[in-house]
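Novice: So the sequences go chain by chain: A and B. Numbered per our numbering, the first sequence spans residues 31 to 178. Numbered per our numbering, the second sequence spans residues 284 to 316.
To be clear, the hints were calculated from the coordinates, so they are not data collected in a lab. Be aware that one or more of the hints could be misleading.
In silico BS3-like links for lysine-lysine, alpha-carbon gap of 25 Å or less [unchecked claim]:
| id | chain 1 | residue 1 | chain 2 | residue 2 |
| --- | --- | --- | --- | --- |
| 1 | A | 80 | B | 303 |
| 2 | B | 314 | A | 126 |
| 3 | A | 147 | A | 126 |
| 4 | A | 79 | A | 65 |
| 5 | A | 65 | B | 286 |
| 6 | A | 126 | A | 164 |
| 7 | A | 79 | B | 303 |
| 8 | A | 65 | B | 314 |
| 9 | A | 65 | A | 80 |
| 10 | A | 79 | A | 147 |
| 11 | A | 79 | B | 286 |
Simulated coverage check for chain A against chain B, where a stretch passes if three residues somewhere in it have a Cβ under 8 Å from a Cβ of chain B [unchecked claim]:
| id | stretch |
| --- | --- |
| 12 | 109-115 |
| 13 | 120-132 |
Glycine included, C-beta positions come from ideal geometry on N, C-alpha and C.
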Amino acid sequence: MDAVTYPVEYVTDYIVENFIAWRADYDTETALLRKFNVNWTPTLVFLDKKGIEHYRLLGFLPPEAFIVHLILARGRIAFETSGYAEAAGLFDRIVKEYPDSEQVPQAIYFRGVSRMKVTKDDSNLEEAAEELKKAFPDSEWTMRTNPW
Amino acid sequence: MAKQIEWLAGEEEVMELANKTGKAILLDFFKPA
Numbered sequence: 031m032d033a034v035t036y037p038v039e040y041v042t043d044y045i046v047e048n049f050i051a052w053r054a055d056y057d058t059e060t061a062l063l064r065k066f067n068v069n070w071t072p073t074l075v076f077l078d079k080k081g082i083e084h085y086r087l088l089g090f091l092p093p094e095a096f097i098v099h100l101i102l103a104r105g106r107i108a109f110e111t112s113g114y115a116e117a118a119g120l121f122d123r124i125v126k127e128y129p130d131s132e133q134v135p136q137a138i139y140f141r142g143v144s145r146m147k148v149t150k151d152d153s154n155l156e157e158a159a160e161e162l163k164k165a166f167p168d169s170e171w172t173m174r175t176n177p178w
Numbered sequence: 284m285a286k287q288i289e290w291l292a293g294e295e296e297v298m299e300l301a302n303k304t305g306k307a308i309l310l311d312f313f314k315p316a
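Okay, chain B solo, but in the shape it has when bound:
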């Protein structure tokens, strides 16, 4: 099954997950279609 990007919206959740996984963060400022 193809992977999908799971975009998070909350800074707190992002930072918690980044700390837990050690992964870098890609923050995308986007204009909704």
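Isolated chain A, as found in the complex:
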């Protein structure tokens, strides 16, 4: 991550603008390893401002994949802390700006749920399910919309 991903300008900028960056040495920070149940590196844990975990990544990712996970992590944090309008905007950004990303089906799913939470209108779920069935018929995220 240090050699390839973090130095890329758009990754650096996104982290600086949106996160407090915290590093823990895998070889010495045993209390933190235990606290967050970490047993491999690199492991990246995304926490809200109160220190509660909402998302994690394990293993190396190149910058073009990592940037999407940074946005997704912010979206999941916003979603799980009831910031549904902010979450919908972040998931929408993934769908529109990174259409080739593997994370797009997940983003469509959570964008639909976030929009429904904002509007209380179930048609947002139906629209997400239709979009997923059409564009990603084999995705697990599409299967998750079956009850909708």
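Position chain B relative to chain A; hints supplied.
Specialist: Leaving out everything else, chain B in the frame of chain A:
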């Protein structure tokens, strides 16, 4: 001038800054080169 990631090491400092700014936290467990 290009921005640089300022990695913090102390949990107390991280939590104080996160509370102050409202920003999320990216905690990277890394193996030093």
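Novice: Does each hint fit the structure? Answer for all of them.
Specialist: Against the structure, the hints come out as follows:
1. A:80 x B:303: holds (11 Å)
2. B:314 x A:126: violated (35 Å)
3. A:147 x A:126: Between residue 147 of chain A and residue 126 of chain A the Cα gap is close to 21 Å, so the pair holds against 25 Å.
4. A:79 x A:65: At roughly 17 Å apart (the allowed maximum being 25 Å), residue 65 of chain A and residue 79 of chain A satisfy the hint.
5. A:65 x B:286: Violated - the C-alpha atoms of residue 286 of chain B and residue 65 of chain A are around 31 Å apart, more than 25 Å.
6. A:126 x A:164: holds (16 Å)
7. A:79 x B:303: holds (9 Å)
8. A:65 x B:314: holds (18 Å)
9. A:65 x A:80: holds (15 Å)
10. A:79 x A:147: Holds, because 22 Å separates the two Cα atoms, which is no more than 25 Å.
11. A:79 x B:286: holds (22 Å)
12. 109-115: violated (count 0)
13. 120-132: n = 0 at 8 Å, threshold three: violated.
Comparing the model with each earlier hint shows violations of hints 2, 5, 12 and 13; every other hint is respected.
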